[in-house]
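Visitor: Sequence:
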Amino acid sequence: MLGKLISSFQRWLADEPAVQRAAPAATEAVSGSAPVFPSAGQAGTAPALPAGTAPEAGEPVLVHREVLDEQLDIRGVEFFIRGELRDKLNTQRSSMRRFLDSMLVDQLASLRHAPMRHRQIWLQLSDTSLQRLGTGKLPARTCVLLSCETPFSPAPAETREALAVLHEAGHEVWLDDAIGTPWFSSLAEQADGAMLRLALRTPFEADELLRMAREARPGLRLGAWDVNTPEDFDLARRLRCTRFSGSFVTRREDWSGRELSPQMLTVASLINQIREELNYREVARVLKQDMAMSYRLLRYVNAAAHGLTQRISGIEQALMILGQEQLDRWLTLLLLSGGAMGDSAITEIALTRARFLELCAAGRLSAEQCDKLFVLGLFSMLDVALKVPLEAAIRPLRLADTMNAALLAREGLFGTYLSLADACERGVASEIIRHAVQLGLTSSKVSSRRIEAINWVADIASQPEQRVA
Numbered sequence: 001m002l003g004k005l006i007s008s009f010q011r012w013l014a015d016e017p018a019v020q021r022a023a024p025a026a027t028e029a030v031s032g033s034a035p036v037f038p039s040a041g042q043a044g045t046a047p048a049l050p051a052g053t054a055p056e057a058g059e060p061v062l063v064h065r066e067v068l069d070e071q072l073d074i075r076g077v078e079f080f081i082r083g084e085l086r087d088k089l090n091t092q093r094s095s096m097r098r099f100l101d102s103m104l105v106d107q108l109a110s111l112r113h114a115p116m117r118h119r120q121i122w123l124q125l126s127d128t129s130l131q132r133l134g135t136g137k138l139p140a141r142t143c144v145l146l147s148c149e150t151p152f153s154p155a156p157a158e159t160r161e162a163l164a165v166l167h168e169a170g171h172e173v174w175l176d177d178a179i180g181t182p183w184f185s186s187l188a189e190q191a192d193g194a195m196l197r198l199a200l201r202t203p204f205e206a207d208e209l210l211r212m213a214r215e216a217r218p219g220l221r222l223g224a225w226d227v228n229t230p231e232d233f234d235l236a237r238r239l240r241c242t243r244f245s246g247s248f249v250t251r252r253e254d255w256s257g258r259e260l261s262p263q264m265l266t267v268a269s270l271i272n273q274i275r276e277e278l279n280y281r282e283v284a285r286v287l288k289q290d291m292a293m294s295y296r297l298l299r300y301v302n303a304a305a306h307g308l309t310q311r312i313s314g315i316e317q318a319l320m321i322l323g324q325e326q327l328d329r330w331l332t333l334l335l336l337s338g339g340a341m342g343d344s345a346i347t348e349i350a351l352t353r354a355r356f357l358e359l360c361a362a363g364r365l366s367a368e369q370c371d372k373l374f375v376l377g378l379f380s381m382l383d384v385a386l387k388v389p390l391e392a393a394i395r396p397l398r399l400a401d402t403m404n405a406a407l408l409a410r411e412g413l414f415g416t417y418l419s420l421a422d423a424c425e426r427g428v429a430s431e432i433i434r435h436a437v438q439l440g441l442t443s444s445k446v447s448s449r450r451i452e453a454i455n456w457v458a459d460i461a462s463q464p465e466q467r468v469a
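According to full-length UniProt numbering, the sequence shown is numbered sequentially starting from 1.
Treat the hints with caution; some may be incorrect.
Listed below are the simulated SDA-like cross-link pairs for lysine to any residue, each with C-alpha atoms no more than 20 Å apart in a straight line [what the hints assert, rightly or not]:
1. K387 to D422
2. K288 to L298
3. K387 to L298
4. K137 to A188
5. K387 to Q263
6. K137 to R98
7. K387 to P262
8. K137 to L104
9. K387 to N404
Bear in mind the hints are in silico, worked out from the structure with no lab data behind them. From a predicted model like this one, the values you see are computed outputs, not experimental measurements.
Sequences are here, hints too, so could you generate the full structure?
Guide: Dropping the structure here:
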């Protein structure tokens with residue numbers, strides 16, 4: 001999966017320059033709705049807020065989290081509403097819960113100009129909300145995580161009828177953390193799956209509850225949510241779960257004292273060489289000393305250049321066909337996919353972050369600065385991918401001071417963009433709105449750009465892999 005993602009990404013980049021990649025957002029500047037800020041090289045800090053603009057703390061913000069399978073490939077995206085209003089409302093009251101569920105569905109409906117492609121949307125809705133909302137506003141192929149306000153009573157006929165309607169409309173229904181209750185037992189035969197939230201369970205409890213789910217409905221698909229550590233993932237996979245959601249893939253830990261592996265140091269050294277002065281012979285000499293890297297290079301070039309009549313078998317020939325820019329990008333992605341658990345998921349998440357930053361800056365910064373933000377988005381995930389401190393990961397790359405300041409201290413204009421991406425991924429509404437307003441963006445624009453970025457990466461990942469002769 002990872003090889004296909006890198007190969008497809010490189011083929012896509014070869015056909016689409018940076019200024020065209022960012023085109024959907026660039027139209028904002030033409031209409032005059034967004035201020036054009038100085039380039040990152042001209043400004044050391046984020047621009048002041050536009051006159052008369054203030055963050056709307058209570059404004060709802062759409063955030064998301066990836067849903068993965070057993071191979072740690074991304075299969076779906078779960079969306080949530082975050083914001084001051086959401087935090088203050090008593091979600092235990094039926095009327096408040098229905099209001100928030102309706103708000104979530106309306107937020108997604110407002111983004112129909114950028115519908116999800118190749119990724120299934122997951123939404124948590126209460127059974128009473130489902131009865132009132134119907135299926136008209138739900139995005140296509142939605143997977144509903146159905147929660148219950150009264151789990152110790154069997155589901156009413158209205159809920160069972162609502163599930164039947166969902167299935168007729170092409171949606172799925174998974175029961176949300178209610179295994180072992182009368183409500184779960186009454187719906188197990190209709191449900192597509194059942195989900196357990198591991199943060200609320202001991203390993204023994206998780207084992208017992210998932211066993212009960214399998215007994216209640218043999219063949220029922222199982223999922224684990226709030227999977228926050230690799231150990232949680234291993235436990236859930238042993239218990240035969242097939243869908244997973246949580247922070248375990250991108251979890252940051254104390255990696256003090258760790259350094260890059262010799263192979264990744266070689267990749268970083270090659271990146272510096274081709275940026276400073278490309279010497280194909282010297283780069284080929286280094287690559288020939290690493291059989292695995294040579295194989296990956298030849299495999300990629302033969303896949304990307306499948307229209308050629310002859311198979312490419314020499315390293316120097318492959319380098320000449322790639323060219324400097326494509327070789328730089330290939331090595332950057334190779335560095336990002338440095339062998340961590342869930343490397344294809346990490347690569348997709350990093351590409352989503354990079355594309356999101358590029359889209360947010362389009363029409364506000366130059367094409368060159370947008371391209372630098374894209375690279376920064378990738379580099380900002382190197383610590384997670386390589387399991388080393390970020391400072392150690394970027395040290396061999398000899399980046400410009402402005403890029404180092406943005407990556408390590410979130411300083412300067414680039415740092416503000418990275419802070420916005422951080423806030424989006426943590427789901428902190430107040431920070432999302434604050435950084436968005438600093439950059440001349442609304443929360444709805446931020447949500448739209450996130451979905452555009454997710455779609456962009458999903459489109460790349462869904463491209464068929466070219467066979468290598």
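Visitor: Hint by hint, which ones does the structure fall short of?
Guide: The structure conflicts with hints 3 and 4, although it agrees with all the remaining ones.
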